[in-house]
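A.B. asks: The whole structure should be built from the sequences, with the hints applied where relevant.
Going down the list, the sequences are from chains A and B. For the first sequence, position 59 (counting from the first letter as 1) is numbered 59 according to the numbering used here, and the numbering increases by one without interruption. For the second sequence, position 71 (counting from the first letter as 1) is numbered 71 according to the numbering used here, and the numbering increases by one without interruption.
No lab work stands behind these hints, which were simulated from the structure alone. Even for Gly, the Cβ is constructed at its ideal location relative to N, Cα and C. One or more hints might be untrue.
[Claimed, not checked] Chain B is faced by these chain A residues, among others (derived, beta-carbon under 10 Å):
{"#": "1", "residue": "A58"}
{"#": "2", "residue": "V113"}
{"#": "3", "residue": "G116"}
[To be verified] Looking from chain A toward chain B, a few residues come up when the C-beta cut is under 8 Å (computed):
{"#": "4", "residue": "D11"}
{"#": "5", "residue": "P49"}
{"#": "6", "residue": "A52"}
{"#": "7", "residue": "R66"}
{"#": "8", "residue": "E67"}
{"#": "9", "residue": "F77"}
{"#": "10", "residue": "R101"}
{"#": "11", "residue": "E102"}
{"#": "12", "residue": "A105"}
{"#": "13", "residue": "Y108"}
{"#": "14", "residue": "H109"}
{"#": "15", "residue": "G110"}
{"#": "16", "residue": "A111"}
{"#": "17", "residue": "R115"}
Residue strings, one per chain:
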Amino acid sequence: MPYRFLSHTADAAVVLEAPDEAGLRAAGVAALRELLLGDSPVAVALERPIRASGNDTAERLINYLREVLYLYDAERFVPAEAAAEGVRGEPFQADRHRAIREVKAVTYHGAEVRRGADGGLRATVVFDL
Amino acid sequence: METSVRIERIDAYRWRVPRHGGMRTDGLIFADEGLMRDLEGDQAVQQVANVAHLPGIVGPAIAMPDIHWGYGFPIGGVAAFDLETGVVSPGGVGYDINCGVRLLATSLSISEARPRLGALVDALYRTIPSGVGASRSDVILQRRELEGVLRDGARWAVEHGFGVPADLEAIEANGTLEGADPGAVSDRAKERGKSQLGTVGSGNHFVEVGYVAETFDAAAAARLGLEPGRLTVFIHSGSRGLGYQVCDDSLETMLRASAKYAIPLPDKQLCCAPLASPEARHYWGAMNAAANFAFANRQLMAHYARRALGQVFGPEAAERTHLVYDVCHNIAKIERHEVAGAPRRVCVHRKGATRAFPPGHPELASRFRDLGQPVLIPGDMGRYSYVLLGTDGAYRETFGSTCHGAGRRLSRHQAKKLARPRNILRELEAQGILVRAATRGTVDEEMPEAYKDVSRVVDVVHAAGIGRKVVQLKPVAVVKG
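C.D. replies: Okay, structure coming up:
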């Protein structure tokens, strides 16, 4: 599993680990999908473009995930996996997808990406619930 | 994620985080020994110290006894800033701008109402949409109407038939914050908000029917219409997706502003801009508009709660239900306070904290002027909530602020694990509390044990003199998202 949730009293904090930025985005989408939909299956049917900018890796990651969350919340586009220039998934279908929780936002709190001794990247992201 | 910040005990209910490093002032935490122990192992105290780094802070960075780990500011955080040298920070307000609570008092007693509580909670569940992404099909705002909501808040709602004019004077700021700029609210935010007015949402938001179970100040309780046994309706919600989007939209601008104005940030979520800057003015206009949306949201929910009471108990029950008060939990406001013996206008951020103005404060409506401002403190859905009054002590020490709730003690994951082998709905029903919820998951995550005992928080506030207990309410029926 490229992500694991940390104990956080009020919100949700997750550690993402991946060899590169694209891997961090993939892990971030997987974590966000679990928070929103639990283990509901999500098909890779459509791709929506996302342009996420930022001054550093952490800001780019947060800004990317903010867009994924916006697409889910405002346009009911359920994320399945990260794509090179967007996110793949499908429209929300009440008979297949169980919306288990509201995620208000992807925060910048403690946003930091570090490179480990093995050369891989490690990021912590806090979601406001 | 443990804190290494030094803490000094001042007295039984006050702790100092001494200024060090880049801090511009001390931190001041209101808590007893037990509540301080609850903070071990998370970052809440560090977050108090972080807030003390912000430019133009006036007085200490304050935390209430329900302090817990948030993002940017701790939940339960209060900080005031000088209008010329200080800043506004969206992280000091939160995503759910003007999340808050309102309390309605009915003319019914619990003994009269108890036989029909099942019908009442069903009617509330039908009438007030709850759950993830809840929306209304009967109130979809056209652009001009939404702009009216953003500009006028609860006043818009009353003018459009949702409630009565007397409601407005029982709402903080009369339900309309000045300085709202609907044009500063993005199309994305407006899109998210247009069908969510009058919905409770999910998570810790709720509509709760309760009754006055214990009285601490009979004269004040009678003035507020909260006699022993009186049936009440508590509503907790905020600005829904519109507010989340306003905050989210502001953060990239504020990160750039922090760099532009050379403001060092101990946490990016504290990104901010000088109050006099164009970036701050833009956020201020959008934040106040979102706050007005939240006031209107609670006003509509109160209207539908009255309708549900009318359906179950007859039209007179709806007509005789009055608004006790409505307070913001997440907001920044310009207020006049006394600082070092002199009056001064400052920008007070309250994130998970409640305004608690004392008797005599000119901003209070005449019917509250000699009492002080009613303060509403919800607990958890299995135990109790409180009504307090604002005090001179709060005005002197905390920029007229007090606590806002119980504060979580278990993460959602821990709560679910604890609840899994049990049936929380049945357990609550066995205690005489009916629950209607969109999902079992929310009920498990919000189980009573997930929260601290709110009486511990309220007792500290009362003993420290930053709030005064009036009554305790006990729940009998709850609608959860």
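A.B. asks: Under 8 Å, Cβ to Cβ, is where A/H109 needs to be relative to chain B, so tell me if that hint holds or is violated.
C.D. replies: Where the cut-off is 8 Å and the nearest Cβ of chain B is about 3 Å from A/H109, the hint holds.
A.B. asks: With 8 Å as the cut and Cβ atoms as the points, is A/A111 at the interface with chain B?
C.D. replies: Holds: closest Cβ of chain B sits about 5 Å from A/A111, inside 8 Å.
A.B. asks: Let me know if the C-beta of A/F77 comes in closer than 8 Å to any C-beta of chain B, holds or violated.
C.D. replies: violated (13 Å)
A.B. asks: Hint A/R66 vs chain B: min CB-CB distance below 8 Å?
C.D. replies: Holds, because the Cβ-Cβ distance from A/R66 to chain B comes to roughly 6 Å (cut-off 8 Å).
A.B. asks: Holds or violated: the hint that A/A105 contacts chain B, with Cβ atoms closer than 8 Å.
C.D. replies: Interface hint status for A/A105: holds (5 Å vs cutoff 8 Å).
A.B. asks: Let me know if the C-beta of A/D11 comes in closer than 8 Å to any C-beta of chain B, holds or violated.
C.D. replies: With a closest approach of 7 Å, the A/D11 hint holds.
A.B. asks: Using the nearest Cβ pair, does A/R115 come within less than 8 Å of chain B?
C.D. replies: Given a least distance of 19 Å, the restraint on A/R115 is violated.
A.B. asks: Is the interface hint for A/A52 satisfied, with its Cβ closer than 8 Å to some Cβ of chain B?
C.D. replies: violated (11 Å)
A.B. asks: Is the interface hint satisfied for A/A58? The criterion is a beta-carbon contact with chain B at less than 10 Å.
C.D. replies: holds (8 Å)
A.B. asks: Per the CB criterion, is A/P49 less than 8 Å away from chain B?
C.D. replies: violated (16 Å)
A.B. asks: Could you check if A/E102 really has its C-beta closer than 8 Å to a C-beta on chain B?
C.D. replies: The hint holds - A/E102 has a Cβ within 8 Å of chain B, the shortest such distance being about 4 Å.
A.B. asks: Given a cut of 10 Å on the nearest C-beta pair, is the interface hint for A/G116 held or broken against chain B?
C.D. replies: It is violated, given that the least Cβ distance between A/G116 and chain B is near 18 Å, above 10 Å.
Consistency note: the structure conflicts with the earlier hints numbered 2, 3, 5, 6, 8, 9, 17.
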